[in-house]
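Make a model of the complete structure from these sequences and hints.
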Amino acid sequence: MSGSEAAGPGRARMAGTLADLAAAGSRCPALALVRVGRRADDLAYESAILKRAEQLGFRAEVKEMKATCSQAELEAQLAGLSDRADIDGILLLRPLPAQLDKAAAAACIDPQKDVDGMTAAQQARLYSGQTPYFAPCTAEAVVALLDHYGIDPAGLRAAVLGRSPVVGLPVALLLQARQATVTVCHSKTKNREQLLQQSDLVIAAMGRAKSLRAAELKPGCVVVDCGVSPDPADPGQLAGDLDPAAVTDTPCKISALAPLRGGVGALTTTILLQHTLEAYLARQAQPPAFLGLSLTDYLRRLSNAAAVPGGGSAAAYVAALGLALAHMAGSLAKAPKDPAEPGAALLQADLRQAQALQLRLSRLADEDARAFLPVTAAYRLPAATPEQKQARSQAIQAALRAASAVPLELARTAVDGLKLTRHLTTAGSRNAVTDAACAGELLLAAVRCARLNTLINARQLRRQAESGRDMERRADLALEEASRLNQEIQTLADGLMPPPLTAD
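The numbering of the sequence shown is the working numbering, which starts it at 18 and goes up by one.
Calculated from the structure, these hints are not laboratory results. The structure presented is a predicted model; accordingly, all values stated were derived computationally and were not measured. Even glycine gets a Cβ: it sits at the ideal position worked out from N, Cα and C. Just to be clear, a hint being listed does not mean it is correct.
Label pairs and their computed distance ranges (CB to CB) [stated by the list, open to error]:
1) 486 with 250: 44 to 50 Å
2) 85 with 410: 46 to 52 Å
3) 483 with 33: 30 to 36 Å
4) 85 with 203: 26 to 32 Å
This is how it looks when you write it as structure tokens:
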């Protein structure tokens with residue numbers, strides 16, 4: 018499997034976008050690389066990035082720091098780059114020397130400029146199953162390479178060798194999201210050979226030269242070698258994790274291989290630059306914060322002919338209104354005489370949670386717009402040649418899959434809101450019981466809308482049909498739970514309302 022071949026469509030798209038920017042007189046996107054020390058693998062990666070950036074028309078600058086630099090010096094460098102308006106992406110090469118705290122360093126990077134998914138904000142979205150702003154580039158490259166060669170991870174047994182936060186853990190999560198059965202192996206794994214001999218897909222990311230042997234592999238398996246470390250047999254050279262004998266053995270057990278040279282690394286640099294371009298475009302043209310508008314202005318924007326805001330944004334708005342009503346119903350509850358009573362503390366905790374959910378739903382109204390913009394951009398790509406058609410199709414599929422994540426999160430968040438509203442229906446004021454009931458209806462309506470938005474995207478994922486069906490299944494389950502919760506809310510509210518009037 019050739020990473021260069023898989024990167025071709027993405028490079029062509031970027032070249033076209035950069036040419037348009039140059040013709041419009043706009044500055045080119047800029048990437049800053051921060052390297053601590055002079056590790057051979059860091060220098061090799063840096064060289065590949067600089068070469069590709071120059072070819073495509075990016076500006077890239079390197080900030081080299083001594084291996085003995087202090088934590089304060091590194092943090093100052095990263096914070097300074099985050100504050101610079103002419104820098105769109107920041108890449109901190111890792112691993113860092115032992116005296117440096119990676120998490121503290123990452124906290125100094127603006128998440129919007131974190132093009133390799135190392136900040137806590139980006140990782141939290143990845144680990145919680147949300148679409149990250151930017152996934153770690155090598156992990157994303159592994160999945161993109163499999164997609165390019167038509168290898169669907171769904172249903173496959175996958176072994177990920179290595180658990181680093183740069184490659185091993187994120188690639189395991191991305192494969193799990195694609196319905197693979199994933200086992201992460203590390204230095205303490207006792208039955209590695211047995212696990213590997215059951216694995217259809219092997220991702221080697223240990224950084225241990227030539228340590229993966231042919232005898233461990235299942236016949237017909239697919240291997241992606243992400244490991245990079247000094248070659249003990251050839252000083253000054255780098256080697257992958259796979260023993261070369263595994264390829265030359267007769268018969269060869271490997272049905273498809275992405276080797277160290279020309280494999281996933283060639284695609285990783287392209288994805289890094291794609292992330293940088295996306296960060297640049299996002300900073301140049303941030304969509305408006307719709308919920309910062311007055312209701313009149315929002316309705317005017319909603320009714321015009323623009324693609325955003327649309328149904329997803331409106332659904333999030335409706336859900337936020339529902340949480341606001343639920344919060345009001347709880348706020349009107351009669352305060353306990355003793356604030357130390359358990360019920361008082363529980364009510365206050367519920368109200369704080371309602372505020373947090375309302376804020377999250379408000380933000381989803383804007384995130385839905387941001388997620389949909391790449392879809393419209395992908396549909397505008399040229400399709401005059403077979404290569405352009407393929408690139409356009411791949412871009413549309415990727416954008417649709419990413420766009421589906423927001424309505425799914427909206428559905429999950431609205432279901433959480435319904436659970437909270439169910440409690441506030443009885444804990445809140447009896448005089449506001451109908452407000453709680455209205456909150457339930459609004460939240461259910463939002464889940465219905467979120468399901469529809471998920472379906473329109475998921476059912477177009479022809480190249481990732483299993484993933485699309487999984488999204489549809491999750492949306493259906495969310496609606497089923499939301500309907501049940503709202504029915505409980507309406508039943509509770511009906512029981513707390515005054516009895517019907519009778520005829521005299």
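Hint by hint, here is what the structure shows:
| no. | hint | in the structure |
| --- | --- | --- |
| 1 | 486 with 250: 44 to 50 Å | 47 Å, holds |
| 2 | 85 with 410: 46 to 52 Å | 50 Å, holds |
| 3 | 483 with 33: 30 to 36 Å | 31 Å, holds |
| 4 | 85 with 203: 26 to 32 Å | 30 Å, holds |
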